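Undergrad: Let chain Z serve as the given structure and place chain L on it in line with the hints.
Protein chains in written order, with this note's numbering: chain Z, 1 to 482; chain L, 1001 to 1125.
What the hints contain is simulated information worked out from the structure, not anything from laboratory work.
Watch out, some of these pointers could steer you wrong.
Unchecked claim - 30 Å max Cα-Cα, derived DSBU-like pairs, lysine-lysine:
1. L/K1098 to Z/K215
2. L/K1034 to L/K1098
3. L/K1049 to L/K1034
4. L/K1049 to L/K1098
5. Z/K215 to L/K1049
6. L/K1049 to L/K1075
Computed from a predicted model, the values in this text were never measured in an experiment.
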Amino acid sequence: MAGTGLSTAEARARAESVARASYGRLLALLAAPTGDLQAAEDALADAFLRALTTWPVSGIPENPEAWLFTVSRNRQRDRYRSAAYRTSVPLEPDAGSSGAGPPGGTARRTGPRGVVPSPVGSGSALPGAVHWDEVDVEAIPDRRLALLFVCAHPAIDPGVRTPLMLQVVLGVPSERIASAFAVPAPAMAQRLVRAKRRIREARIPFVLPDTTVLKQRLAAVLEAVYGAYALDWRSPLPGARRVRAGAGMGEPSGADAGAHSQADADADPPESLAAEALYLATVLAELLPDEPEVHGLAALICLSLARGTARTASAGGFVPLALQDTSLWDREWIARGEEHLRRAHSLGRIGRFQLEAAMQSVHCARARTGRTDWQALLRLNEALVALMPTLGGIVSLASTLGEASGPDAALSFLDAANAPALEDFQPAWATRAHLLAEAGRATEAAAAYGRALALTTDPALRGFLEQALERLTAVPPSVDTV
Amino acid sequence: MRYSLLLNNPEPADVGITEEDMAPFREAFDAYAKSLDAAGVLVAAEILKPAEMTTTVTLRTGTLSIQDGPFADTKEKLAGAFVIDVPDLDAALAWASKCPGAQYGVIEIRPSAISFREGQWQEPG
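Just chain Z, with the same shape it has in the complex:
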């Protein structure tokens, strides 16, 4: 390792920070002409591997993103150039051995455009996609938005859209996605492979749909991003992700952001999927600044994650909103969330995520005012349920109603909702139990806590419910049980 004094560990840290900032950008470009995400992932993985061996020797290239793109592109080109590429081992790219510049970069581009046969049949790449040879490696365009729309395409099973986004836009390994979704790793890997094959074989285009279709499909994209957030929204906010997440708020992105995140790389804690969701949401907000629901989603995730640390007691237990220490809430993230919410509001089209974010905002205001405006929360919650009557929204409304108008009103609302699906919905039972306890109906409350516990798998949440149940049985029986 002579010459640069760069250790393999440093090269790895640098490659990883570039990977975090650029993975989706590079993959979007590499996969677009063929629609073959798997081949593009393989080529990119090869390029990262090569960086680990080359960079300690030759130094970190001036533009690491361009270097990685060029090596990956050559890797793919070699594979497709070989007539029998299905059976042959891909050729070593001749690039990468000549110092820190982009190997085989623009100056050494092999032959004129069009010499490389297109990998798909008789010569047509996917329409609208930029061919590798046409990409200016010094100014790599951002096609992540198109990639997000591919992942949430209506021809893709809704259940695999979030995992697919996490893998191809953010480079989250399949095993980690599997554990987050509580699915065996081989099963998740198979779902991802199947989805990618479908994208390639059915020829889902890697271009942004036109405005009408885009508006129809945006909801699915937001839904899939929300899915990543919903999966572990109780995780604390990881500090190392601030640089990346800031990219959506007008801070430098790409190579510049990479320089910042290099400093953070050493102290990188395990990142939560909710933080990944926040990153995707801020990317979306950056790329679609005029869509109010995009800002609504970004605001919702910002405001919710801002309270992440306060949600977990030091012993790892769950701390409900009302009992949280507001001094632990992250002011900076609250401010970012509020900014997204302001932008959404200025666009004048209300939607589900904006309403949810506004509710979060009302909760966050307690850090300033010391009290919760339950009437405001009630109005927002009612609007949300009117717009989108989900189970979560109905239960949340019952809970808000309990605070605003007392437990009896909330319980009659919950009974009147009469949704059979509430019978198996854990939050419905936890809320009912709380309301019954408030109303002094201890016996019924205990039964409801029992049902909630039977439906709870999360250890922290179980602990919280068990304690509530214990408190309930410790107090003397109330009037209605005598």
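TA: Showing chain L alone in chain Z's frame:
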């Protein structure tokens, strides 16, 4: 890329649809095929006779076997197919959603694996 839009629906006779009921759909299909043709994407359009007209032939068991009737009896029957040549799935989806058959049945969109064109088998392009 060639896609087949496969029309599946209950047969009119099974659900009490009369000739009179079908007349507006005939007109719609006429307009639909003409718009596909005008856009230069139509390869073939075939509407099939009722499934009971089917004859099934197989050599799967080693000997020639010819039977009357379809090989699988399902509620929804294959009623016809439009073969179109469009750039990608989004274009195929746009055309399929305009197909009159989607109003009363389901349209399966299947990409062609390989097509016989200009005297030889060709991969999609």
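Undergrad: What's the verdict on L/K1049 and L/K1098, does the C-alpha distance respect the 30 Å limit or exceed it?
TA: holds, 22 Å
Undergrad: L/K1098 and Z/K215: Cα distance at most 30 Å?
TA: holds, 19 Å
Undergrad: Assess, step by step, whether the Cα of L/K1049 is no farther than 30 Å from the Cα of L/K1075, and give holds or violated.
TA: OK: L/K1049 and L/K1075 at ~16 Å, within 30 Å.
Undergrad: Would you check the hint for Z/K215 and L/K1049, treating anything up to 30 Å between C-alpha atoms as holding?
TA: violated, 40 Å
Undergrad: Taken at face value, is the distance from the CA of L/K1098 to the CA of L/K1034 at most 30 Å?
TA: Distance of about 12 Å is within 30 Å: holds.
Undergrad: Need the status of pair L/K1049, L/K1034: alpha-carbon distance at most 30 Å?
TA: It holds: about 21 Å lies between the C-alpha atoms, which stays within 30 Å.
In the structure shown, a violation is registered for the earlier hint numbered 5 alone.
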